[in-house]
Amino acid sequence: MSKQSESTGTRAAESAGARSGNGTPIVRMVGVTKRFGDEIVLDHLDLDVARGEKVAIIGSSGSGKSTILRITIALEGIDEGRVEIDGESLFSMSKNGSEGAEVPADEAHLRTLRERVGIVFQHFNLFPHMTALRNITEAPVRVLGLSREEAEVRARELLERVGLAGKEGSHPSQLSGGQQQRVAIARALAMKPEIMLFDEVTSGLDPEWVGEVLNVLRDLAREESMTMLIVTHQMHFAEDIADRVLFLDGGRIVEDGPPEQIFSAPEEARTREFLDTVLEA
Amino acid sequence: MAWDWSYTWSILPTLLKGLVVTLEATFLGFAFALVVGMVWAVIRRGAPGPLRTAVVWLVEFIRSTPLLVQLFFIYYVLPQWGLVLSPLVAGVLGLGLHYSAYTAEVYRSGIDAVPKGQWDAATALGFGRLETFWRIVLPQAIPPTIPALGNRLIAIFKDSPLLAVITVTELLQQAKLLGAENFRYLEPLTLVGVIFLILSLISSRFVRWMEVWSEQAV
Numbered sequence: 001m002s003k004q005s006e007s008t009g010t011r012a013a014e015s016a017g018a019r020s021g022n023g024t025p026i027v028r029m030v031g032v033t034k035r036f037g038d039e040i041v042l043d044h045l046d047l048d049v050a051r052g053e054k055v056a057i058i059g060s061s062g063s064g065k066s067t068i069l070r071i072t073i074a075l076e077g078i079d080e081g082r083v084e085i086d087g088e089s090l091f092s093m094s095k096n097g098s099e100g101a102e103v104p105a106d107e108a109h110l111r112t113l114r115e116r117v118g119i120v121f122q123h124f125n126l127f128p129h130m131t132a133l134r135n136i137t138e139a140p141v142r143v144l145g146l147s148r149e150e151a152e153v154r155a156r157e158l159l160e161r162v163g164l165a166g167k168e169g170s171h172p173s174q175l176s177g178g179q180q181q182r183v184a185i186a187r188a189l190a191m192k193p194e195i196m197l198f199d200e201v202t203s204g205l206d207p208e209w210v211g212e213v214l215n216v217l218r219d220l221a222r223e224e225s226m227t228m229l230i231v232t233h234q235m236h237f238a239e240d241i242a243d244r245v246l247f248l249d250g251g252r253i254v255e256d257g258p259p260e261q262i263f264s265a266p267e268e269a270r271t272r273e274f275l276d277t278v279l280e281a
Numbered sequence: 001m002a003w004d005w006s007y008t009w010s011i012l013p014t015l016l017k018g019l020v021v022t023l024e025a026t027f028l029g030f031a032f033a034l035v036v037g038m039v040w041a042v043i044r045r046g047a048p049g050p051l052r053t054a055v056v057w058l059v060e061f062i063r064s065t066p067l068l069v070q071l072f073f074i075y076y077v078l079p080q081w082g083l084v085l086s087p088l089v090a091g092v093l094g095l096g097l098h099y100s101a102y103t104a105e106v107y108r109s110g111i112d113a114v115p116k117g118q119w120d121a122a123t124a125l126g127f128g129r130l131e132t133f134w135r136i137v138l139p140q141a142i143p144p145t146i147p148a149l150g151n152r153l154i155a156i157f158k159d160s161p162l163l164a165v166i167t168v169t170e171l172l173q174q175a176k177l178l179g180a181e182n183f184r185y186l187e188p189l190t191l192v193g194v195i196f197l198i199l200s201l202i203s204s205r206f207v208r209w210m211e212v213w214s215e216q217a218v
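As they're listed, the protein sequences go chains A and B. Residue numbers for the first sequence follow the working numbering, beginning at 1 and rising by one. Residue numbers for the second sequence follow the working numbering, beginning at 1 and rising by one.
Next comes chain A alone, as it looks inside the complex (with noise of 0.2 angstroms):
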């Protein structure tokens, strides 16, 4: 790593540290770049999370909001830099415990990360051949190893909490949009994950589902300890519900602060030409 992405990393660290008051930051990301092909998708990306942030990353379509999302699971590798989850790098690892030296991380380093990690996608992606009920019990039953009967009652009171309860045995087909992505996100939580990562998840739905999904979130929003990555075009479920909005542009960080001077009074020109093109349509 170069000596500059190392300075970066060590002034994201005391901004982290200043925000949260104590301990590592869950989510740390330090020069990360990402490329598909000549594009360049993040470009030296610097960001800490604190633990039980609510983060809500905007910007236009194309200026890498939910590649941040997919780095933080792992979905995508990076071309540059270094991502830790709290504290523990995830693309690389120690050889046989040896300190300093670190290989490319393999398939169970990476599981074991994205474990503590949850997402939902814009296309909800439920297994459509599953119920509802095992679309939630499936990974805690194969991945974290519980019994089945355990899973359920996981499962039934997810479903609950989200507003589903005697969707058990409906296959996604069977159900609305709105009520397909709430069974994603019990999905999700099912796992138990410290991060949720939101990645547009009302922008496939019609109208009519957004609200009771956006429900759904402030309700897990009002929750402490969970941390959330939230990428939306939601100005104003933004504003109501993150810490910290992030403005994206160009696969780089262009404002970061509350919502309150990110919605009303943005230091950046590209945040406030952003803001009023969305805010009108």
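The set of hints was computed from the structure by calculation and includes no laboratory data. It cannot be assumed that every hint is accurate.
Claimed, not checked - Result set (DSSO-like, lysine-lysine): computed pairs, CA atoms no more than 30 angstroms apart in a straight line:
| hint | chain 1 | residue 1 | chain 2 | residue 2 |
| --- | --- | --- | --- | --- |
| 1 | B | Lys158 | B | Lys176 |
| 2 | B | Lys116 | A | Lys167 |
| 3 | B | Lys116 | A | Lys192 |
Using the hints, position chain B against chain A.
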């Protein structure tokens, strides 16, 4: 030359014995093709480079050479290398291997049709690649391919008379033997055609029914 009904009835039992062999070869060959085709599909999807390249070439080779040549090779050449197979086993192996190249292609299209989001979701939930493949992707990939696989089964059935050339006494071979014995080929060979026609029609119907069923199932 007039049609001889009493001769027809007298040869029918022997022909049906041949039909049993034909059906054996067809279904065993199909089962072999289903399993081996899946092996090819899995290797092409997930195995490291050299192995994958080898399988891609092998499948291409199997598809580009005639089944008849493959059958001759298995039955007449392999024994020279110490692998002696009975005619039926050689025939099943030949049919199965040949059609595994086609079932592999059917599986591949089914697997590719499963949206990438399914892999993402399963991976994010902590499933490994193999688990994702077996538990999440395959159960979605297979049902839509059932009609195409059914058509392969019919194709194997219609190719099975080729086994006559490696002395399997299936339907056609049996008819030829009967004809040679009695110096009358009209009735046995006509019956062979009729039997194939009837069974093909029935199985096409069945495949069409499966098509409707698999569309409803998804």
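Numbers of the earlier hints that this structure fails to satisfy, in rising order
none
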